[in-house]
Amino acid sequence: MTDVHRQAFREEAYELLAELENSLLELEERPDDLDLISRVFRAMHTIKGSGSMFGFDEIARFTHEVETVFDMVRNGKLAVTKTLVNLTLAARDQIKAMLDADGGDFDAGQSSQIIAGLRELAPHDDAAAPAPVAEASAPVEASETVTYRIRFTPVREIFGFGVNPLNLLGELRELGPCNVIAHTTGFPTLEEMDPEQCYVYWDVILTTDQGINAIKDVFIFVEDDCTLTIDEIAVHDDLDHEEHHKKVGEILIERGDITMDEMNGLLSKQKRFGELAVESGIVPPTKVASALVEQQHVKEVRQEKQTQEAATSIRVPADRLDLLVNLVGELVTVQARLSSTAAERSDAELSAIAEEVERLTSELRDSALNIRMLPIGSTFSKFKRLVRDLSAELGKEIEMTTDGADTELDKTVIEKLNDPLVHLIRNSLDHGIELPEVRVAAGKPRHGTVHLSAVHSGDSVLLTINDDGAGLDAEAIRAKAIEKGIISPTAELSEKELFNLIFAPGFSTAKKLSSVSGRGVGMDVVKKAIEALRGAIDITSVKGKGAKITVRIPLTLAIIESLLVKIGTDYFMLPLSLVDECVELTRDDVSRSHGRNLANVREHLVPYIPLRQRFQITGEPPEIEQIVITEVDGMRVGFVVDHVIGEHQTVIKSLGRAYKNIEGISGATILGDGNVALILDIPQLVQSVESEAL
Amino acid sequence: MAKTIMTADDSASVRQMVTFTLKQGGYDVVEAVDGKDALQKLSQCKVDMLITDLNMPNLDGIGLIKGARALPACKFIPIIMLTTESQDSKKAEGKAAGATGWIVKPFKPEQLMAVVKKVLG
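Residue numbers (the UniProt record's numbering), protein chains in the order written: chain A, 1 to 694; chain B, 1 to 121.
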């Protein structure tokens, strides 16, 4: 527990004690005042409860005694007497003494005396002394793997207790492979249904090595609000003892859903037992389905055990995977066409098929892209070596720590990230971390640290390089930028904008060229490389404390979510990850801003780029145009289009070599109706407009 | 968007510790000093979860739970009560009033976070 909390408790306790003193003195005059009694009780209760929270165990133990007595007073079992008030006042002083001592020595004899006095007044058993903080549950023993059958029937009113049964099922899933069957037979008709009640109950077949108590823990809060049965149905550790798979009928009998006689009667008909049971009407279909799932689950777990040793992975040439991803890309395109055709026809049957295909395609897309995902850890270990060798060369003592090595990224992205990351790390080592003597003089440890971490964030991965070196010197950057003619001497720039200047072409603050960084490859190249991956780079720094570079990279390159827009008859795409919002732009707005291309969005001015003009598309814009507002390098920029059509799964196609150097367009895609839409390169568009404006 | 959790406790130090822990866990926190204050704040702002002490002046935890469950916005949110070991009967009373679960004082920040994750999902 941090000292801040302890200090807060002490202050609070002093206040409570002062109040307690007043209450006690008043109580002496009006011994029957129930309000006063409960005030005393509450003060004691709070001191006890909070004291034990923040490690004041002695105080908690002592106060507990006084609290117990006042609980009796509160319940009318004990009268307020002068002796009681005297003892309580003494107790109050003792608590204060204990607080003053703050863990040091205090008169323990005094405590025992007061407690003895109180016990004389109000004899009670002392079994209920505050228990020490229960240690976090003992490490789970790696016990055997067991399959359990759990039937969870919550009371109808379960939602009224603020319980979401789905959370409980989710918790069970975390324990191991798990099959959930919902029984909906309890549903009443629509007129009778109360949507605030829970009519469902669940069978869960769970295989886990965490033991039955872990399962019971999941249901700890709902114990009294549900019927819960947990049965062990199979132990999997001993493969030699392979039992036969249980038949559905056996499972139903075991569960008490059907009797042996009923089963035998049905068996004589020699059809599949599950079907028979349903046809006969003895067992509702969901119960049989549930039993079947259990059978399947146990079979699968056993099979998995057997195949585990055999093969956990196969090697496939990377180009075959690329081909697969390309094919999936084509499929996504065709599926978009199918969906849009189905939507036009308003044919229910076709729509149903289109929806099915859409669902399958997106599943297929995800799993195909998943195959190419690799943990970034392999790259991390390369960097460790780099840091070790370089720090020796530079005469610095630098340690590299990493985090999130198991974060997965598309294989091609990882490969293309290697060079920019090497450059950024070199930069940190060379310019960031100081020489050991300098560090010691600045009161820092001799050892510099570079921390590299990767973490998932939505549809991208955040890579951060954090060093505890000298940090960036905003003034030095400013001076350099003016000297190099990158900014004008009068330019007013925020610190963030100044930091971002290090990514400008031709900028280098290193005093001389070293073999480590500054080989003519500037940070601008790093930025370009990151942007080519449709990523973004950001830098924050505190002078003297260190710098932090954040690189945001999309998970995959092949397929992106984007916003489809239309200008005239042409379609364009904006990557959805950059889009903030869309607002309307009327002719009035345009004339009011006097041609300055600024829109007022909730009292903030947002500059916009009219794409119709920029791409020289002829024709009249509609009465109300749309501004798609994006965020680039921390700046909001709008793009004016005619219509916003909506989100779109975009398979990126390159434009081919002939169009490689086109500015502002990063690729193209084929729409559902066969049209081509160009994908806008937003950062580049913003840059080119900015440079024209200078 | 971060979920908002209300902590109702008359002990400033417990409030501070709960707020600190929850904020570190990425939640927004609203503080209330007693049941009455909590009920008033609940009717004004949207809260995704309530953590309440049982012994409070003005309106105690049981009263707060009952009052909260009567508000349409709080009818189904998880409500966790902070109890001490001597209050087993209170636990039952709290459950009957509509509490989702409980944490026994004293508790550690990790225990608090585990319970929050459990009931908020």
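These are calculated hints, taken from the structure and not from any lab test.
Watch out, some of these pointers could steer you wrong.
[What the hints assert, rightly or not] Derived pair list, reagent style DSS-like, types lysine-lysine, alpha-carbon separation capped at 25 Å:
1) B:LYS108 <-> A:LYS216
2) A:LYS653 <-> A:LYS416
3) B:LYS41 <-> A:LYS216
4) A:LYS566 <-> B:LYS118
5) B:LYS41 <-> B:LYS66
Taking the hints in turn, this is what the structure says about them:
no.	hint	verdict
1	B:LYS108 <-> A:LYS216	22 Å, holds
2	A:LYS653 <-> A:LYS416	18 Å, holds
3	B:LYS41 <-> A:LYS216	35 Å, violated
4	A:LYS566 <-> B:LYS118	46 Å, violated
5	B:LYS41 <-> B:LYS66	15 Å, holds
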